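Please work from the sequences and hints to get the whole structure.
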Amino acid sequence: MTLGLQFNGNVFAPSLVNGVVSAGLYGLIAVAMVLTFRVSRTVAFLHGGLVLMGSIFYWWLTTPNRFGVGGRPGLAPWVGTVIIVVLGAVIAGVYGLVVTGNRMAGWPRVTLTTFSLAIMLLIGGILFETIDAESQTARTPFGRHTVKIFGQYVTSHQIATLAIIAVVVVVLSVVLKATRTGIYIRAVADNVAGSRLVGVPINRVGTGVYAVSGALSALAGSLLAAQIGLDVGGNLGVFLRALMVCILGGFNSLSLALAGAVLLGVVDNMLRAGVFGALSMGTQELVVFAAIFGAVMAINRFRPQQGSEALAEGL
Amino acid sequence: MHGMPLGNLLVDPMVRGMSAAAAAINDAGGVYGRKLKYIDCDDGPGETSRAKACMKKLVEQDKIFSMLTTLSWSSAAIGDDLARYQIPLVGAWAYSHTEWKDPWQFPTHMSMLHEAYAGAEWVRDVIKPKTFGLICLNAPEMQKACANVNKVLTDAGAKMVHKVDVSLTPGDLSAEVVAMRSANPDHIIHYVINPASIAKFVVDAAQQQYWPPKGMSGNHLAAEILGEIFGDWPVNRYWTNTTYKLWGPEYMATIRKYAPNNQGLNHHIVQAGYVATNIFANAMKQVGPEPTRQKLLQVLNTPGAVWDAGPGLDQKFMWAPGQRDSEGTGTRSEYMYKYVDANTTANKDNSPHGFAPDPDKFNITDTYPDDDPIQGTKYR
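From first to last, the protein sequence lines stand for chains A and B.
First residue of the first sequence: 1, per the numbering used here; consecutive thereafter.
First residue of the second sequence: 1, per the numbering used here; consecutive thereafter.
Hints were generated in silico from the structure; no laboratory data involved.
Bear in mind that the values here come from a model prediction, so they are computed numbers and not experimental data.
Some chain A residues close to chain B (C-beta under 7 Å, calculated; not the full set):
no., residue
1, V11
2, S15
3, N18
4, D132
5, T137
6, Y153
7, D231
8, G233
9, G234
10, N269
11, R272
12, A273
13, M281
All C-beta atoms, glycine included, are put in the ideal place defined by N, C-alpha and C.
Structure follows, in structure tokens:
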């Protein structure tokens, strides 16, 4: 193992840039995961299904058939994106309506988590049965213009993805902190039973949060299709890594989830680009996991103790 | 292996191609009046337990006479099942070199390890790189193939400056492109097999406006769909080696008639399955009207017997003991095509479009002296 013995400065800046833009791959999904965790206290694997749906169905909607007849509608990327976002919101909204309703809200968390895993597999199964995905990278609504930053070409699609994440995090943070809906969500996050007693419409709040987060996951899927293509294993891999970065903020903090995405993107890219020398795939994974969990431990150790209000605000 | 990445593009067309070949044989009267029945068993993503379950089902439930081709990452693992059930396998895809060493198997695809030698010898003689990079699937057989490439080129004085190991389902390979660009090899060679993995590298390389100065080459990408996946970026600077000539008039006519959904989806493994089916039928005709598996093995193993792939495919195989490595046969010889256009759908006259025979050296051969990777003996 050569870790720490080498430093290849010529690939440092390009892989740093690449790592930051790669955060876009994980960021939106992580934000969606954190949001739903806050209202259900469960890990919603549903989002994995929505990422797949966003990716494959977006490609199907927007990529014309190769032989020009039948098959796919070949919609404009913007139209496809809107359809995907709305569909993601509807699916997740229905899911939220069910799991935050009177019957299921009281189920054990592990049961709800397993239920969401089943829904993810169900969505995946329906997609695989109905859409013969090809491996092209899908078209993007943001074009393929490139700009060179520190020796690394960054596309307009990657920049737009980062901008979307930044806007989403800022808007959600404001909503959580300064609106009645935000107060409801924070209350639910703090104490479900207590919230119900004081009249918080838990089912409505839960449905709304799931709908918003579902829209984000589906959007993330469509952005992934235009960035890394349609490979199911690859897309699920991105989802699982997004799950990992949520840990940084204990599934509570949007900003820390975003920071985790950047940390993961940068560390992962630097290792794979060989900044620290040639490492095997296994060693790379070990270092990535060590970096994430090291960050988790550091945050727990050094983060100022916050009151429940700040934690509930998810900041 | 319908559950592998791009299974709908790689595996489904093969099943349709095999069915087409069987249908054509049946329409011509079958074998002594018997009709061929082709049964597809799916082992998901190429999982060993499911591949073995498939073997059990095919033998015990479907009562098959013979296996016809495999397209599975677990093809090496079913070798012992073939021996146990005493079932011949005509048209093994030779993902593992053991398939060429197994007396129960009759591959219709060059061994990857031989391919690696042949491809590397082409790179050595035609590209003449001073430095090279490798992209290798993180699987033992492909690691060995990459080692063979490394051996040929380092023996010729070239230096490997970077090696990338990829999984079957990489998320993105942009960091690997950064690393490769930094290492700046003259030429990159890939032994990945899975098109999805190498396509990611190409797409990311295009985004980074990177390509090695003397291009890139590798195995297993002779496919009509390739242009859709690769796009314009590698045009005239990418090569792929393949067992058969593209595409063969009789092959294409059969596919067009019996498997019209394969339009634009033909690839060289479909050719291998088609060839296997036809060779099987020919062998069965030689076996006679009272077929047994033992007689089939005897016919296929006949010393000096040469099994031709069919018109336009320009490939032949010898499977008799001691003759499997014969020069000029499909275990030693194949073809190198240059990617010349992003439209790789075959022309209406069945000639390839987007792939052109390499003008410098079209027929590539493995002449490299080396230890047999399985038996540990010199085979040259």
